[in-house]
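Q: Chain by chain, the residues run as shown.
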Amino acid sequence: MPTALRIDPRDARPIWRQIEEGVQHLVARGALPAGTLVPSVRDLARDLQINPATVSKAYQRLTDAGVLAVRRGEGTFVAETPPPASDSRRNGRLREEAVRYASLAATLGASREEALSTFEAAWQSLTDGNGRAEGDDE
Amino acid sequence: MNPIVLEGLTVRYGDRVALDSVSLTVAEGAVYALLGRNGAGKSSLVRCLLGEQKPDAGRVSLLGKDVWRERAALLREVGVVPEEPDMPPAMTLRQIARFCSRLYPSWDGAGVEARLKRFGVPADTPFGRLSKGQKAQVSMALALAGSPRLLVLDDPTLGLDAVARKAVFEELIGELADRGTTVFITSHDLAGVERIADRVAVLRQGKLVLDEEMETLKHRFRRLSFPVALTPGEREPRLEALAPVAVAARGWGIEAVVANYDEDRLEGPGKGGPEVSALTLEEIFIALTGESEEGR
Amino acid sequence: MRGFLAVFEREIVERRLLLAAALVLGLVPLLAPLLPGMPSGPPAELRGGTALGIALVLTLALALLLGSSVIARDLVERRLGFYFARPLSGAALWAGKLAAATALTVGAGLLVLLPTTLLNGFPDASGYWGTSSGVFRSGFDLAVIWFGILLLTISAAHAMSVMIRSRSPWLLLDLVALGITVPVAGTCLLTLARNGAGVQVWERFGPAPVTGPTLLLYIEIAVALVALLGLTLAGGAQVTRGRTDLRRGHRVLSIVLWSLLLPAALGLAGYTRWFLAASPEDLVSVHGTVGSPASPWIAIYGQAAHRGGYRPGFLYDVGSGRFVRAGFGRSSFSSGLSPFNRLPLARFSADGRRAVWLESGDMRTPRDDQELMTLDLRRPGASPQPTRVLLRGMVSSFALSPDGRRVAAIHDSRLTVDEIDSGRLLASARLEGVYYGQQLLAFSGPDRVRLYQLDLSYELPSRTGMTLSLSELDVATGRLTTTRVEDAAYDLSAGIVGLSGDRILLRGRNVLQLRDGATGKLVAELGKAGVRGSFLPEGKVALLTRETAGSDLRILDAGTGTELRRFHFPAVRTVVVADQPGPEIVRVVTRGAGGSAPWQLWMLDLSTGEARPGQRLALTTLPFLGAGAWPSSRGRDGMVWFDPASAREVVVLRDGLPGR
Chain A
1 MPTALRIDPR
11 DARPIWRQIE
21 EGVQHLVARG
31 ALPAGTLVPS
41 VRDLARDLQI
51 NPATVSKAYQ
61 RLTDAGVLAV
71 RRGEGTFVAE
81 TPPPASDSRR
91 NGRLREEAVR
101 YASLAATLGA
111 SREEALSTFE
121 AAWQSLTDGN
131 GRAEGDDE
Chain B
1 MNPIVLEGLT
11 VRYGDRVALD
21 SVSLTVAEGA
31 VYALLGRNGA
41 GKSSLVRCLL
51 GEQKPDAGRV
61 SLLGKDVWRE
71 RAALLREVGV
81 VPEEPDMPPA
91 MTLRQIARFC
101 SRLYPSWDGA
111 GVEARLKRFG
121 VPADTPFGRL
131 SKGQKAQVSM
141 ALALAGSPRL
151 LVLDDPTLGL
161 DAVARKAVFE
171 ELIGELADRG
181 TTVFITSHDL
191 AGVERIADRV
201 AVLRQGKLVL
211 DEEMETLKHR
221 FRRLSFPVAL
231 TPGEREPRLE
241 ALAPVAVAAR
251 GWGIEAVVAN
261 YDEDRLEGPG
271 KGGPEVSALT
281 LEEIFIALTG
291 ESEEGR
Chain C
1 MRGFLAVFER
11 EIVERRLLLA
21 AALVLGLVPL
31 LAPLLPGMPS
41 GPPAELRGGT
51 ALGIALVLTL
61 ALALLLGSSV
71 IARDLVERRL
81 GFYFARPLSG
91 AALWAGKLAA
101 ATALTVGAGL
111 LVLLPTTLLN
121 GFPDASGYWG
131 TSSGVFRSGF
141 DLAVIWFGIL
151 LLTISAAHAM
161 SVMIRSRSPW
171 LLLDLVALGI
181 TVPVAGTCLL
191 TLARNGAGVQ
201 VWERFGPAPV
211 TGPTLLLYIE
221 IAVALVALLG
231 LTLAGGAQVT
241 RGRTDLRRGH
251 RVLSIVLWSL
261 LLPAALGLAG
271 YTRWFLAASP
281 EDLVSVHGTV
291 GSPASPWIAI
301 YGQAAHRGGY
311 RPGFLYDVGS
321 GRFVRAGFGR
331 SSFSSGLSPF
341 NRLPLARFSA
351 DGRRAVWLES
361 GDMRTPRDDQ
371 ELMTLDLRRP
381 GASPQPTRVL
391 LRGMVSSFAL
401 SPDGRRVAAI
411 HDSRLTVDEI
421 DSGRLLASAR
431 LEGVYYGQQL
441 LAFSGPDRVR
451 LYQLDLSYEL
461 PSRTGMTLSL
471 SELDVATGRL
481 TTTRVEDAAY
491 DLSAGIVGLS
501 GDRILLRGRN
511 VLQLRDGATG
521 KLVAELGKAG
531 VRGSFLPEGK
541 VALLTRETAG
551 SDLRILDAGT
561 GTELRRFHFP
571 AVRTVVVADQ
581 PGPEIVRVVT
591 RGAGGSAPWQ
601 LWMLDLSTGE
611 ARPGQRLALT
621 TLPFLGAGAW
631 PSSRGRDGMV
641 WFDPASAREV
651 VVLRDGLPGR
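If you read the sequences in order, they're chains A, B and C.
Everything in the first sequence is counted per our numbering, starting at 1 for the first residue and increasing by one.
Everything in the second sequence is counted per our numbering, starting at 1 for the first residue and increasing by one.
Everything in the third sequence is counted per our numbering, starting at 1 for the first residue and increasing by one.
If you are wondering where the hints come from, they were derived from the structure by calculation, not from laboratory data.
None of these values were measured; they are calculated from a predicted model.
Among the hints, a few may not be true.
Chain B stretches covered by chain A per the calculated footprint, using a threshold of three residues with CB under 8 angstroms from any CB of chain A [stated by the list, open to error]:
1) 172–179
2) 184–196
3) 215–225
All residues carry an ideal CB built from backbone N, CA and C; glycine is no exception.
Given the sequences, and given the hints that come with them, work out the whole structure.
A: In structure tokens form, the structure reads like this:
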């Protein structure tokens, strides 16, 4: 599985949190359908060049949260019914990213309408399932 | 039991103090990174740690025992990747492996063969004729073959290209995933260390100026960028209140690195307030060690 | 052990080409007989010699090379960390590397010899480096010694390599310590060798020399072993305590090395001091004594106990027990003479004030030159003083003037007379011919020196024999006149018995003659076979003849040879004339047949002819003044001095006799 996960050292979040949220994100947007075998701790750690313990911690939290499920001897899979992210966290993240997008749009001199339509288009491409979620403005 | 405990480690070379009462502890299963500029005392520390050198003062406990006295016995459970690959240049890898295999009670000969094959290093080549990257890989393979409880890596990726560096780190990660070995690593490759270390220490002029969990470290360091709009009169009091570890004029503004970022006190990019961004380990390292070089 | 073997094997494998090269080098001797410029000889011998030569040079070079690089090069090139990052003890590392260097060195040497050995058999080292010294009796001995030298070289090369490579100021300390240790040890060994530690100990004076290792060899082996031990331990300490830290290693090495070698050198110096501090009490046998006419001093010289062939000489005051060391014996080592050397130990002046003797073998004088030493016998606490008289070449005879101020000597084919206090040469005359017989040199007046020579002659009726010649040197004019005494011809066993005033006693196998000392003219024939004679201190002649029923002592007038008195001792086998305690009184000691018979003292009155028996003496030895007897060392109580004046026995040399 080509991982769509990326680790960013500049991100203020710890790596395990970046993985945790990245997987949650992939699951939430359907890039990782229920029942998909996720990479082993070892493979993911090697891919990302990170400490396996970090991956392990993220997987542990995801398993505890019900996003992933461990089947003994087979590996770790995306759970059948992933629970929604908790409201307060979800709202916080949404607002945070919205502020970031809005300030970026303002910096680039886009109008409110222009920003909204760009957002619409992006949303559309996501639901079509053939685009990338992350911005590549870095 | 903590695999590594240093207490008051002091090393002097004549008048120069290479290590000034350094104390640190590496917990079982930890990946502990020791950073420092050249000449900060890392190599002296590693030599003392491995019982190669007797400190002028202080105690080194390796796997719970005094390393100076019980070095040979203790090193059966320690894998070492030296800063400079120092195997006898005339020996072939097969000979080196055979030599080492006689010294360790649990020697994974097959593992060495497999790794060398994976690296594409021929076993009949004299060590001296290998490339730098191959030498590092061989060092790594030999260090892992003794099934160590503790791995000590002294700048294992020094001078390696990106591919070789990746190969070394992949081996290390594999070892961590398989056996949960405790790792003590010194490195210049901060980006690489940032991803695997869970605890970071910084040596500066022989003193330990930082010894902290990676997560809390990254959490408390932030860069604050003050916009141009602020006059020095407005800026200075605010800067002083932050007690920054480093301040630099950059472009049209001023950047300050703070070591005790508090989300509640400095909430987001407010009006007239500084823009807040996270720092990579490298940036933190430069802020901690670079400033002092200028300040001297 | 595992670590040692691993290191050992690794070192050998890494340098295996060296062994191959040695084997190739071993082929060179096979061609030796074909090479131009080779001395002629049997091919097998040429090959053997060449092979041995190559092996020696190669092993020494390898010992230096491997010794200096075995650890130190790894240290400098920062490759020792490879070992120290492994579970390998420093001791195993050091031992493994040292053993490998030794094995490679020796192995290379043997491989050089291999082809020659296959062709001609093992070259016999003893054939080239003669075993004639008697110390090294076989090629095996030589091989063991060579092995020791290689080991020493390897470990010394290592130590020096570390000292030089570390570039630390400790090198200064090393140089200082080296500057103390080596000269001290060298001087001690040289001093011991000069004083006979390297001489075979002769248990008794038999015809066959005793062979076997000398004390000096044992000392040298001990010195080598201590050096080897020190160097090896220091190298080991440097590796185990210094580890990859070269400067620390150097420090540890120096501390261990010098804390072993400096005390060892001091110990050797102490031993040498003890060796040289032998007192008369330490003598186990006496090789010569000379008595002083008018003082209680004797010169004595003999074998000291537990000191190899050391034969110290002493001037010994029999009365007080005071003694002064004098190097009488030393000349016999440098010139290779046996202790039977006829040169008298010392000469005493007639007034008993002064003793003079010759010393050589000291570092102050060249090899054969003899320095005249003097001792003031009357001054308490006086020590031997060198004079300015230096006698060049081998001295065959010397005499002191009765006043003790001049010395005459024969050396370098010259008869010389020197003034002792000023060192001035008063006269020197060349002696013609080569001398093979016996000499007697004496002052016949204040300005006259007489030399009696019994010399080998081929012109006698019996074809070969000894003839007497008489030379007189006038010191004032320096003229030497030599007279050949025509009727004084003897067989080869002839000898000069003694000189007293103007009379001289000479003996041949069947003859004893009293002759005029100034002219050599025959005064009297004193007897035929079996007659022994001597001068009494006051000048009369004592003649001893052994009869079947006992012994006769006859006292003759020296001027005419007429008999004055005759004493008969029934059942006595040995008569020794002791002294003259007063005018006309002679004391003798007699002994019956059998080794355990007691000595009996007699007081003889020459004026009345009365013989009064004195006490019985529990003596086994009688080293009487002027008696010329060789004292035996087999006395039960040591060597006993009998003081005739008081008729007291004084045990002079109490301890250290063999068999006690």
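Q: Hint numbers the structure violates, sorted upward?
A: none
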